[in-house]
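2 protein chains.
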Amino acid sequence: MLFRRVAVIGVGLIGGSFALGMRQAKACESVVGVGRHPANLRVALERGIIDAMQTDVGRAVEGADLVLVAAPVAQFPAIFASIGKFLGPEALVTDGGSTKRDVIAAARAALGKKIGQFVPAHPIAGAEKSGAAAASAELFNGRRVILTPLPENAGSGVEKIEKAWAACGARVSRMDAQDHDAVLAAVSHLPHVLAFALVHDIAHRPNAAELFSFAAGGFRDFTRIASSHPEMWRDICVANRDRLLLEMNSFSGELERLRALIEAGDGSALETVFAEAREARDRWIRSS
Amino acid sequence: MLFRRVAVIGVGLIGGSFALGMRQAKACESVVGVGRHPANLRVALERGIIDAMQTDVGRAVEGADLVLVAAPVAQFPAIFASIGKFLGPEALVTDGGSTKRDVIAAARAALGKKIGQFVPAHPIAGAEKSGAAAASAELFNGRRVILTPLPENAGSGVEKIEKAWAACGARVSRMDAQDHDAVLAAVSHLPHVLAFALVHDIAHRPNAAELFSFAAGGFRDFTRIASSHPEMWRDICVANRDRLLLEMNSFSGELERLRALIEAGDGSALETVFAEAREARDRWIRSS
Numbered sequence: 001m002l003f004r005r006v007a008v009i010g011v012g013l014i015g016g017s018f019a020l021g022m023r024q025a026k027a028c029e030s031v032v033g034v035g036r037h038p039a040n041l042r043v044a045l046e047r048g049i050i051d052a053m054q055t056d057v058g059r060a061v062e063g064a065d066l067v068l069v070a071a072p073v074a075q076f077p078a079i080f081a082s083i084g085k086f087l088g089p090e091a092l093v094t095d096g097g098s099t100k101r102d103v104i105a106a107a108r109a110a111l112g113k114k115i116g117q118f119v120p121a122h123p124i125a126g127a128e129k130s131g132a133a134a135a136s137a138e139l140f141n142g143r144r145v146i147l148t149p150l151p152e153n154a155g156s157g158v159e160k161i162e163k164a165w166a167a168c169g170a171r172v173s174r175m176d177a178q179d180h181d182a183v184l185a186a187v188s189h190l191p192h193v194l195a196f197a198l199v200h201d202i203a204h205r206p207n208a209a210e211l212f213s214f215a216a217g218g219f220r221d222f223t224r225i226a227s228s229h230p231e232m233w234r235d236i237c238v239a240n241r242d243r244l245l246l247e248m249n250s251f252s253g254e255l256e257r258l259r260a261l262i263e264a265g266d267g268s269a270l271e272t273v274f275a276e277a278r279e280a281r282d283r284w285i286r287s288s
Numbered sequence: 001m002l003f004r005r006v007a008v009i010g011v012g013l014i015g016g017s018f019a020l021g022m023r024q025a026k027a028c029e030s031v032v033g034v035g036r037h038p039a040n041l042r043v044a045l046e047r048g049i050i051d052a053m054q055t056d057v058g059r060a061v062e063g064a065d066l067v068l069v070a071a072p073v074a075q076f077p078a079i080f081a082s083i084g085k086f087l088g089p090e091a092l093v094t095d096g097g098s099t100k101r102d103v104i105a106a107a108r109a110a111l112g113k114k115i116g117q118f119v120p121a122h123p124i125a126g127a128e129k130s131g132a133a134a135a136s137a138e139l140f141n142g143r144r145v146i147l148t149p150l151p152e153n154a155g156s157g158v159e160k161i162e163k164a165w166a167a168c169g170a171r172v173s174r175m176d177a178q179d180h181d182a183v184l185a186a187v188s189h190l191p192h193v194l195a196f197a198l199v200h201d202i203a204h205r206p207n208a209a210e211l212f213s214f215a216a217g218g219f220r221d222f223t224r225i226a227s228s229h230p231e232m233w234r235d236i237c238v239a240n241r242d243r244l245l246l247e248m249n250s251f252s253g254e255l256e257r258l259r260a261l262i263e264a265g266d267g268s269a270l271e272t273v274f275a276e277a278r279e280a281r282d283r284w285i286r287s288s
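So the sequences go chain by chain: A and B.
Per the working numbering: the first sequence = residues 1 to 288.
Per the working numbering: the second sequence = residues 1 to 288.
The shape of chain A in the complex, shown without the other chains:
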């Protein structure tokens, strides 16, 4: 048994799936869930995701030897501030935040000398569904989880957190927090902003209903991530804004070059760009 009592703060898709994955792997004895929405916690209880629900964060953390913080990242400062003094000396904390520099800064500010007990993690397993109802023991199966360990972490603590995520089926790797935020801005945060932007742009046209009625499978898949959790993505965009803005700049430059080719009717150059993109994507799909 890896852990005895796990406290999950935020029993949504990520927190709930972590709890289910740990239980299925028999990697913990019990799970207590904390959250803002009693109705969601009741769903988590009914589905056997958690054994007990708590509205008081301190009480939930007190007896836990593992704490998972899986709320939208803007709530992390308040959560870290409220768990600090209840955290036992042997307890470990990990998280499910999609950005890491801001989460680490918040933890550092609130946990003080206990900062070495926090092993930051980002499970790359979002979905457009949210809440305990969408949680699944299989969510992390084969998905990547990036740990961004701190200089203060004990090696044994990082390994235990690595084992916990691996018990949920994840492929765990380690990365510097700066690199993490740069990589995710490019392959996750920017695409989400683009999808939200496209749907928002179309939804505000006078003929929006007609436009949607002729949208097909390509549009559906392209915009799937525009059905993601607005609050979560608000927080990610604000937390990682410097890297996201760099990616938006880069993308705008690419779009300007394509616009010039389209304006000039330069079919040959367009075909080269499209063929290179297709080849790069197909290579990635084959290798993943």
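None of these hints come from the bench; they were simulated from the model.
Hints may contain errors.
To give a feel for the contact side, a few chain A residues facing chain B, derived at Cβ under 10 Å [as the list claims (entries may be wrong)]: (1) D56; (2) K85; (3) G88; (4) H180; (5) S188; (6) V193; (7) A197; (8) H200; (9) R205; (10) F214; (11) T223; (12) S250; (13) G265.
On a predicted model such as this, the values are computed, not experimentally measured, just so you know.
Heads up, the beta-carbon is just placed ideally off N, CA and C, and yes, glycines get one too.
Starting from the known structure of chain A, fit chain B onto it as the hints suggest.
This is chain B only, laid out in the frame that chain A set:
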């Protein structure tokens, strides 16, 4: 039996699927296929998509009472020019082109007095696969096909073409060609350009391999259309460039507004945009 002999010019995903759909519905007696790539035509023969292959367009068209032009749209002028004089007085022509104003202009220039025999169509059933190997009798099942009839068309001709596409399982509607090109620029052509642009941008980074290795399901779906046929999309972008450029302008404006909100850290406004996009998309998914 709706038609006796169908000539399919370009036996790719669209042309091959139309042939299979017509055969399955017993809406034609035989299909002759014409194409630039003998290997692809042999696949079409082996798969029972066509009964005979032809390299000479004129000979294929001569005995046909229905001709489907399903090549990349840049080839349409040459194809129309070569079929004109072989087209029997009772024969009808339709097409699978993703743009309509340019296709109609090409047909008008080449077919002369026979222009009334051409009923333009756009089956909205692209996929990132191409070629006869990817064709399927089910491709058009429940998908939309837009007819953009001409003033010169006989009502009976339009109805027969409508029945042919409906025999393949499609939901057929009619629209003005101008409107068609504007609608499709927004919900299809622009998203393709955005997906190609994102993958192309990332593929040219020094750390492209690392970036792709952390791309997940959201990225995969968002970029699925970047695996589309480069030549086909080159032609669409050039043919519909005026409308596509308008859409790129509109999208860039939306992106600039989002950038300003991100730069200002205006989480509340960002959340409103994201929530409106999610709500619009979810409403569309529920109704489609």
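Tested hints:
1. D56: Nearest chain B Cβ about 27 Å off; hint violated.
2. K85: violated, 29 Å
3. G88: Where the cut-off is 10 Å and the nearest Cβ of chain B is about 34 Å from G88 (chain A), the hint is violated.
4. H180: Cβ of H180 (chain A) sits 9 Å from chain B, so the hint holds.
5. S188: Holds, about 6 Å.
6. V193: For V193 (chain A), the interface hint holds, since the closest Cβ of chain B sits about 6 Å away, which is under 10 Å.
7. A197: holds, 5 Å
8. H200: Where the cut-off is 10 Å and the nearest Cβ of chain B is about 4 Å from H200 (chain A), the hint holds.
9. R205: holds, 8 Å
10. F214: Given a least distance of 5 Å, the restraint on F214 (chain A) holds.
11. T223: Constraint on T223 (chain A) satisfied, holds at 6 Å.
12. S250: This interface hint holds because 6 Å falls under the 10 Å limit.
13. G265: OK, holds: G265 (chain A) within 10 Å of chain B, min 5 Å.
Consistency with the previously given hints fails for numbers 1, 2 and 3, ordered from lowest to highest.
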